[in-house]
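Sequences are here, hints too, so could you generate the full structure?
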Amino acid sequence: MAGSFAIVEEPIDVGGLVSAAQRPDCGAVSTFVGTTRIDESDEASVEYLEYEAYRPMADRKLEEIGAEIEERWDARHVSIVHRIGRVDPGEASVAIVVASPRRGPAFEASRYAIERIKEVVPIWKREVWSDGYVWVGSQVGTRS
Amino acid sequence: MAGSFAIVEEPIDVGGLVSAAQRPDCGAVSTFVGTTRIDESDEASVEYLEYEAYRPMADRKLEEIGAEIEERWDARHVSIVHRIGRVDPGEASVAIVVASPRRGPAFEASRYAIERIKEVVPIWKREVWSDGYVWVGSQVGTRS
Amino acid sequence: MTQGSIRVLFFGAAADRAGVREAEVSADVATLDELWPLVEQQHPDLSPMRGTLAFAVNGEYARGGDRVSPGDEVAVLPPVSGG
Amino acid sequence: MTQGSIRVLFFGAAADRAGVREAEVSADVATLDELWPLVEQQHPDLSPMRGTLAFAVNGEYARGGDRVSPGDEVAVLPPVSGG
Numbered sequence: 001m002a003g004s005f006a007i008v009e010e011p012i013d014v015g016g017l018v019s020a021a022q023r024p025d026c027g028a029v030s031t032f033v034g035t036t037r038i039d040e041s042d043e044a045s046v047e048y049l050e051y052e053a054y055r056p057m058a059d060r061k062l063e064e065i066g067a068e069i070e071e072r073w074d075a076r077h078v079s080i081v082h083r084i085g086r087v088d089p090g091e092a093s094v095a096i097v098v099a100s101p102r103r104g105p106a107f108e109a110s111r112y113a114i115e116r117i118k119e120v121v122p123i124w125k126r127e128v129w130s131d132g133y134v135w136v137g138s139q140v141g142t143r144s
Numbered sequence: 145m146a147g148s149f150a151i152v153e154e155p156i157d158v159g160g161l162v163s164a165a166q167r168p169d170c171g172a173v174s175t176f177v178g179t180t181r182i183d184e185s186d187e188a189s190v191e192y193l194e195y196e197a198y199r200p201m202a203d204r205k206l207e208e209i210g211a212e213i214e215e216r217w218d219a220r221h222v223s224i225v226h227r228i229g230r231v232d233p234g235e236a237s238v239a240i241v242v243a244s245p246r247r248g249p250a251f252e253a254s255r256y257a258i259e260r261i262k263e264v265v266p267i268w269k270r271e272v273w274s275d276g277y278v279w280v281g282s283q284v285g286t287r288s
Numbered sequence: 289m290t291q292g293s294i295r296v297l298f299f300g301a302a303a304d305r306a307g308v309r310e311a312e313v314s315a316d317v318a319t320l321d322e323l324w325p326l327v328e329q330q331h332p333d334l335s336p337m338r339g340t341l342a343f344a345v346n347g348e349y350a351r352g353g354d355r356v357s358p359g360d361e362v363a364v365l366p367p368v369s370g371g
Numbered sequence: 372m373t374q375g376s377i378r379v380l381f382f383g384a385a386a387d388r389a390g391v392r393e394a395e396v397s398a399d400v401a402t403l404d405e406l407w408p409l410v411e412q413q414h415p416d417l418s419p420m421r422g423t424l425a426f427a428v429n430g431e432y433a434r435g436g437d438r439v440s441p442g443d444e445v446a447v448l449p450p451v452s453g454g
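Just so you know, the sequences run in chain order A, B, S and E.
Note that the numbering used here has the first sequence beginning at 1, numbered continuously upward.
Note that the numbering used here has the second sequence beginning at 145, numbered continuously upward.
Note that the numbering used here has the third sequence beginning at 289, numbered continuously upward.
Note that the numbering used here has the fourth sequence beginning at 372, numbered continuously upward.
Do not take every clue at face value.
Example chain S residues on the side facing chain B (calculated, C-beta under 8 Å, incomplete) [said to hold, decoys possible]: (1) GLY300; (2) ALA301; (3) ASP304; (4) ARG305; (5) GLY307; (6) ALA344; (7) LEU365; (8) VAL368.
Every beta carbon over 12 Å from chain E, so not counted as near; a handful from chain A, in silico [as the list claims (entries may be wrong)]: (9) PRO11; (10) ASP13; (11) GLY15; (12) PRO24; (13) ASP88; (14) PRO89; (15) GLY90; (16) TRP129; (17) ASP131.
Since the hints were made in silico from the structure, they are not lab data.
Predicted model only: the values in this text are computed from it and were never measured.
We put the CB at the ideal spot given by N, CA and C, even for glycine.
Encoded structure:
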């Protein structure tokens with residue numbers, strides 16, 4: 001199966017990933033982009049998100065998700081790219097691109113990938129506020 | 145709701161559509177790209193696909209699908225762009241981009257959009273072979 | 289277009305079968321069901337497709353009993369195949 | 372790293388609580404369950420998180436009874452929050 005799996009520190013080139021996935025033997029490319037969302041109620045205070053990863057375990061887990069997809073669906077191209085470091089509101093933290101001959105498997109596989117990332121890939125994010133930070137999921141941080 | 149709905153005759157800039165959909169109040173952008181697929185068994189002979197639309201009805205139907213999505217899901221940005229004219233194998237014929245605060249609605253709405261396009265938007269494609277063409281869905285054409 | 293006639297547009301496979309992309313029907317008809325035999329008379333190769341066709345009047349899907357009036361645009365639509 | 376010791380890495384909230392990103396444990400332990408009290412002794416602020424933590428040995432998820440040996444890399448992993 002073609003594709004790429006990467007942890008990156010730069011903005012993600014979603015258009016480039018989609019172009020790379022387009023193939024004459026596929027009729028569907030499903031793409032999921034996770035972006036940093038600021039709850040409206042928090043908007044005054046959350047400034048950005050910051051991600052860290054346990055590498056190379058995180059890289060390998062992304063590849064394993066690709067292999068799981070290949071086992072379950074007729075996916076001909078899968079790319080998963082996760083950004084780490086500072087990610088500003090509205091920017092992409094993760095991009096998943098799946099090409100398949102048919103649209104059903106493309107949608108299902110890209111959905112599966114984001115669920116699996118949230119379960120097994122050793123990546124953590126913290127919300128950085130004007131007055132400190134909070135690790136998401138652990139409620140540990142420097143805010144009082 | 146932000147977004148754009150268009151029938152175009154040029155290649156679709158998927159990356160630009162995704163970028164335009166990213167918003168600080170949304171955590172998910174689901175994108176579906178339909179590409180012209182050549183069945184392997186036919187590869188020797190199908191050269192490209194050619195689309196035609198009944199405009200402006202087709203433009204309006206795309207907008208209606210956007211309105212249907214807005215009624216059913218919390219989508220903050222929806223773009224649907226369909227290309228007409230010659231589309232070569234692997235090229236994008238349609239792109240759907242939906243941004244939502246959460247991933248479930250984004251996936252569901254983009255899937256809904258492509259199903260609705262295939263039901264109600266007055267666009268037709270024909271397969272152009274080396275020895276003639278066939279209108280898809282009508283089995284009418286010039287191939288013997 | 290002749291004053292008072294109905295403009296009929298053909299798309300996709302229907303344009304192929306009709307041999308033209310548009311036609312005019314100037315007879316006095318009140319509904320799509322009354323219009324169709326006149327279209328078929330002008331373009332008999334459309335007959336085998338009849339069961340698969342949809343119609344639009346002035347850019348919106350319409351059914352057989354729906355009204356058509358002079359000046360309207362009627363579109364003959366084979367099964368759509370976009371996406 | 373000291374010859375024969377186990378290297379312990381801390382991530383996310385666990386690194387905050389530990390106050391360091393890595394530590395060494397050179398005692399003679401055979402499993403994760405045996406290792407943990409020594410880690411907790413060095414970094415008591417980790418104790419309240421214990422129930423939420425996962426572990427990896429040499430880059431693969433591991434459970435309490437799994438073996439650890441001198442030279443291994445053990446990672447202390449709070450609930451992941453990627454995506």
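Consistency of the hints with the structure:
With its C-beta approaching chain B no nearer than about 3 Å, GLY300 (chain S) sits inside the 8 Å limit, and its interface hint holds. Taken as an interface hint, ALA301 (chain S) checks out: its beta carbon lies about 3 Å from the nearest beta carbon of chain B, inside 8 Å. Proximity of ASP304 (chain S) to chain B holds as hinted, the smallest CB-CB distance being about 6 Å (cut-off 8 Å). With a cut of 8 Å, the hint placing ARG305 (chain S) at the interface with chain B holds, because the nearest CB-to-CB distance is about 6 Å.
Interface restraint check: GLY307 (chain S) against chain B, minimum CB-CB distance 12 Å, threshold 8 Å, status violated. Interface hint at ALA344 (chain S): satisfied, since its Cβ lies 6 Å from the closest Cβ of chain B, which is below the 8 Å cut-off. Given the 8 Å rule on beta carbons, the hint for LEU365 (chain S) holds: about 6 Å separates it from the nearest Cβ of chain B. For VAL368 (chain S), the shortest C-beta to C-beta distance to chain B is roughly 6 Å, which falls under 8 Å, so the interface hint holds.
Every beta carbon of chain E lies more than 12 Å from that of PRO11 (chain A), the smallest distance being close to 17 Å; the non-interface claim holds. With a cut of 12 Å on Cβ distances, ASP13 (chain A) stays outside the contact zone with chain E, its closest approach being about 19 Å. With 12 Å as the threshold on Cβ separation, the claim that GLY15 (chain A) sits away from chain E holds: the shortest Cβ distance comes to roughly 21 Å. Under the 12 Å C-beta cut-off, the non-interface status given to PRO24 (chain A) relative to chain E holds; the minimum distance is some 31 Å.
With 12 Å as the threshold on Cβ separation, the claim that ASP88 (chain A) sits away from chain E holds: the shortest Cβ distance comes to roughly 17 Å. The claim that PRO89 (chain A) is not at the interface with chain E holds, since no C-beta of that chain comes within 12 Å of its own (minimum 16 Å). Against chain E, the non-interface label of GLY90 (chain A) holds: every CB pair exceeds 12 Å, the least being about 16 Å. With a minimum CB-CB distance of about 15 Å to chain E, TRP129 (chain A) clears the 12 Å threshold, and the non-interface call stands.
Residue placement check: ASP131 (chain A) keeps its beta carbon more than 12 Å from all beta carbons of chain E (closest about 16 Å).
Hint 5 alone, counting from the list given before, is not met by this structure.
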